[in-house]
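There are 2 protein chains.
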Amino acid sequence: MINEHKHIQVYKGNIVHSPSIDRLETMENGYLVVNKDSVTGMYQKLPEKYQNCAVRDFGHRLILPGFVDLHFHAPQFANRGLGLDKELLPWLEEYTFPEESKFKNLSYAKEIYPQVVHALWKNGTTRSVIFASVHKDSTKYLLDLFIDSGLGAFVGKVNMDRNCPDFIVEDSTQSLSETLEIIEEYSNKSPLVRPIITPRFVPTCSVPLMEKLGAFAMDHKVFIQSHISENQGEVDWVKELHPESVDYASIYDQYGLFGHQPTIMAHCVFNTEKEIQLMAKSGVYAAHCPNANYNLASGIMPVRSFLDKGVSVGLGTDVGAGHQVSIPKVMTAAVQASKIKWLESNKTLEPLKLAEVFYLGTKGGGKFFGKVGSFEPDYAFDALIIDDRELGTLDLSLTERLERYLYIGDDRHIEKRYVAGKEVSEPKKTS
Amino acid sequence: MINEHKHIQVYKGNIVHSPSIDRLETMENGYLVVNKDSVTGMYQKLPEKYQNCAVRDFGHRLILPGFVDLHFHAPQFANRGLGLDKELLPWLEEYTFPEESKFKNLSYAKEIYPQVVHALWKNGTTRSVIFASVHKDSTKYLLDLFIDSGLGAFVGKVNMDRNCPDFIVEDSTQSLSETLEIIEEYSNKSPLVRPIITPRFVPTCSVPLMEKLGAFAMDHKVFIQSHISENQGEVDWVKELHPESVDYASIYDQYGLFGHQPTIMAHCVFNTEKEIQLMAKSGVYAAHCPNANYNLASGIMPVRSFLDKGVSVGLGTDVGAGHQVSIPKVMTAAVQASKIKWLESNKTLEPLKLAEVFYLGTKGGGKFFGKVGSFEPDYAFDALIIDDRELGTLDLSLTERLERYLYIGDDRHIEKRYVAGKEVSEPKKTS
Numbered sequence: 001m002i003n004e005h006k007h008i009q010v011y012k013g014n015i016v017h018s019p020s021i022d023r024l025e026t027m028e029n030g031y032l033v034v035n036k037d038s039v040t041g042m043y044q045k046l047p048e049k050y051q052n053c054a055v056r057d058f059g060h061r062l063i064l065p066g067f068v069d070l071h072f073h074a075p076q077f078a079n080r081g082l083g084l085d086k087e088l089l090p091w092l093e094e095y096t097f098p099e100e101s102k103f104k105n106l107s108y109a110k111e112i113y114p115q116v117v118h119a120l121w122k123n124g125t126t127r128s129v130i131f132a133s134v135h136k137d138s139t140k141y142l143l144d145l146f147i148d149s150g151l152g153a154f155v156g157k158v159n160m161d162r163n164c165p166d167f168i169v170e171d172s173t174q175s176l177s178e179t180l181e182i183i184e185e186y187s188n189k190s191p192l193v194r195p196i197i198t199p200r201f202v203p204t205c206s207v208p209l210m211e212k213l214g215a216f217a218m219d220h221k222v223f224i225q226s227h228i229s230e231n232q233g234e235v236d237w238v239k240e241l242h243p244e245s246v247d248y249a250s251i252y253d254q255y256g257l258f259g260h261q262p263t264i265m266a267h268c269v270f271n272t273e274k275e276i277q278l279m280a281k282s283g284v285y286a287a288h289c290p291n292a293n294y295n296l297a298s299g300i301m302p303v304r305s306f307l308d309k310g311v312s313v314g315l316g317t318d319v320g321a322g323h324q325v326s327i328p329k330v331m332t333a334a335v336q337a338s339k340i341k342w343l344e345s346n347k348t349l350e351p352l353k354l355a356e357v358f359y360l361g362t363k364g365g366g367k368f369f370g371k372v373g374s375f376e377p378d379y380a381f382d383a384l385i386i387d388d389r390e391l392g393t394l395d396l397s398l399t400e401r402l403e404r405y406l407y408i409g410d411d412r413h414i415e416k417r418y419v420a421g422k423e424v425s426e427p428k429k430t431s
Numbered sequence: 001m002i003n004e005h006k007h008i009q010v011y012k013g014n015i016v017h018s019p020s021i022d023r024l025e026t027m028e029n030g031y032l033v034v035n036k037d038s039v040t041g042m043y044q045k046l047p048e049k050y051q052n053c054a055v056r057d058f059g060h061r062l063i064l065p066g067f068v069d070l071h072f073h074a075p076q077f078a079n080r081g082l083g084l085d086k087e088l089l090p091w092l093e094e095y096t097f098p099e100e101s102k103f104k105n106l107s108y109a110k111e112i113y114p115q116v117v118h119a120l121w122k123n124g125t126t127r128s129v130i131f132a133s134v135h136k137d138s139t140k141y142l143l144d145l146f147i148d149s150g151l152g153a154f155v156g157k158v159n160m161d162r163n164c165p166d167f168i169v170e171d172s173t174q175s176l177s178e179t180l181e182i183i184e185e186y187s188n189k190s191p192l193v194r195p196i197i198t199p200r201f202v203p204t205c206s207v208p209l210m211e212k213l214g215a216f217a218m219d220h221k222v223f224i225q226s227h228i229s230e231n232q233g234e235v236d237w238v239k240e241l242h243p244e245s246v247d248y249a250s251i252y253d254q255y256g257l258f259g260h261q262p263t264i265m266a267h268c269v270f271n272t273e274k275e276i277q278l279m280a281k282s283g284v285y286a287a288h289c290p291n292a293n294y295n296l297a298s299g300i301m302p303v304r305s306f307l308d309k310g311v312s313v314g315l316g317t318d319v320g321a322g323h324q325v326s327i328p329k330v331m332t333a334a335v336q337a338s339k340i341k342w343l344e345s346n347k348t349l350e351p352l353k354l355a356e357v358f359y360l361g362t363k364g365g366g367k368f369f370g371k372v373g374s375f376e377p378d379y380a381f382d383a384l385i386i387d388d389r390e391l392g393t394l395d396l397s398l399t400e401r402l403e404r405y406l407y408i409g410d411d412r413h414i415e416k417r418y419v420a421g422k423e424v425s426e427p428k429k430t431s
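Going line by line, the protein sequences match chains A and B.
Using this note's numbering, the letters of the first sequence map in sequence onto residues 1 to 431.
Using this note's numbering, the letters of the second sequence map in sequence onto residues 1 to 431.
Chain A extracted, bound-state conformation (with noise of 0.2 Å):
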């Protein structure tokens, strides 16, 4: 008996999590058995099977799943609340290029990256995908600090060869030449650690560049990030670059990086229907940024239209120009953007509700990464241990406590973080 359970272990709490975005699942004083890395079940009463392993009991805490965050710039961290009276475009060339164009320098990679890893995880964020810059090795500390850390990350060496400043701008063939490193070095050098292609936007990448890169993705089966649809100018600029192309969409689409593998493009704020469309088809996550569309004054992507639709939707810091770092406070600003856009759309579009954001932090994202963002059976034990005790009575229910924890609490309220059956202990915030 007890062999055969050697590798389980038993967590009780108040749990909560959402197999569905309809569905809320809570379970007061549940367990929640693992074996390994993850779930085999979440029980209300313990089966006779499992009386004999070790509980460990957080009483009156709450157990969630791990948040995840679908889009955020590692190098742009030290620039979170800095230039955000601008928009997008400016916004680039005066705070963004200049800041990544420092780690081209290893040594400032040494003194920025743990901050960045540190702060995920201080959060609560247990899996990230990430835009790293155009420096191969800088990019490759990075993962070697995810893969330290345990946490869960995509880290993608960024790709850009023209309409940017002399100082970050890429030859092509290098470009291409040290993604490739890259990919054939980390693709599997850590089960919860990969690269991923990373074209910057249209602008700023080559027709012969992202073509390559498509090629790439297919050939060494890598996931692919991108942004699309974030600001009129950038929209409009796109088509002035394209004129041959009908939509945004379609570019990315011509050449292989567009659902083609696993696929997110984060903002979709003017997206057609017709690229919604497309989107739900080909497989393509929409990574949801609100903060970083407010502060670039970019405007609300009307996400309601991609879920209704059947897109795959997660949420985005998109630090730096979301300047927290915190995907509950994402979650709430979806929620405060939903209804802004639900006035703006003669209450045609329905706002998000608490429990659907919820779902978009965890399992919403999540999906990106496999069986990753709910306690169903099989996937991943990532979860966070939250005492909200601070936050007032806890006499409510637990989708009330869920509801004010994301709203009011902080990192303060995280004991514990797990991914993949491990906890996850305070990673160094200095090289």
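Honestly, the hints are just simulated from the structure, not real lab data.
Check before you lean on any hint, since a few could be wrong.
Claimed, not checked - Capping the alpha-carbon separation at 27 Å, the derived lysine-lysine pairs in DSSO-like fashion look like this:
{"no.": "1", "chain 1": "B", "residue 1": "Lys309", "chain 2": "A", "residue 2": "Lys86"}
{"no.": "2", "chain 1": "B", "residue 1": "Lys347", "chain 2": "A", "residue 2": "Lys86"}
{"no.": "3", "chain 1": "A", "residue 1": "Lys122", "chain 2": "B", "residue 2": "Lys122"}
{"no.": "4", "chain 1": "B", "residue 1": "Lys239", "chain 2": "A", "residue 2": "Lys347"}
Chain A is fixed; fit chain B onto it per the hints.
What follows is chain B alone, placed relative to chain A:
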């Protein structure tokens, strides 16, 4: 020499304040000379005559004016983050009124109100304008708590005698007599804490009640606060209740509650041009509460229109419809909201700059208290000492450090709070 300056305190640090909405003033390693409760001057080099005064040197730290919150419902504190999938009127019925009714019992006030004062202290809100509940004893208790704390506040016993549930509706006569009792007892009890006339809003106040409250305000020179035009449903309801009136503002105006004494009106999302002009003419303050307006799906106040027409605008958290006690969080939400308003208005209403909302959350609201909210001569020395090293490099301009702190800092970075020249120590969280 020493005798002449015996009440002088000198503070040294990196000073940032806003003497006017279009002027953020910064001084690195500057000196603030404070005489008893107020500022004498701000100097890059300490004048000869103060050379013998002791200098409190805060080194690299920022010295900011304390934050001012013009709209906060103390008895909704325990409801922060709950019920926010609803609009104003159902939210009032289902969450707010039942919670407020608990303050009939002083013992419940003794459980919750110390947490309110503590939260304001913690978040650097040195002055606030507070709605209590309809209950006299709880309201007096809250006034006493503020007096003991050293923070500045206006605290109002709420008046409401119609259109609300039996368990909270007041008898008009009793409402008035209790209000008068509080005014008489507290008007001269403390230089920092004063009662304020607080009709909840037109829908819940009968005409005779409003008439008498207006008369009290005039007779006793008591300031006034209420709500206006938060939500379309509310505006429609007011129209139904008062078909004789040309608009919402004119109802308050008719009964002496619209600038006849200094007055704050919270929300102002749907005011007409004519109402805005009346506010400007009558010196009525608008309390902008963007978080609450998002949360209850009300809409976005066109702040720029109010500023352009000369209305005094300050910021409000509107706890509990607003979930966050922090005024910096309201400042950044106000910038974000104004960017959406800019897009909605076809780019006619220019977005608020961060420096502008910093003014609104300090001197903009502070003016309601007198000379409060900046470090100009004769202004009350209300100050926060901020240690922002944890947020990143200090090799930035003070404007950038302010911006970064407002976007990504929190209460953990506030080291000290001063009100009217005195350091305010941490209040107890329990009675």
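Do the alpha carbons of B/Lys309 and A/Lys86 lie within 27 Å of each other, as the hint requires?
25 Å, holds
Proposed proximity, A/Lys86 with B/Lys347 (alpha carbon, max 27 Å):
14 Å, holds
Given the hinted pair B/Lys239 and A/Lys347, is their alpha-carbon gap at most 27 Å?
22 Å, holds
Would you check the hint for A/Lys122 and B/Lys122, treating anything up to 27 Å between C-alpha atoms as holding?
Roughly 21 Å separates the two Cα atoms, so the pair holds.
Violation of the numbered hints given earlier is absent; every hint is satisfied by the structure.
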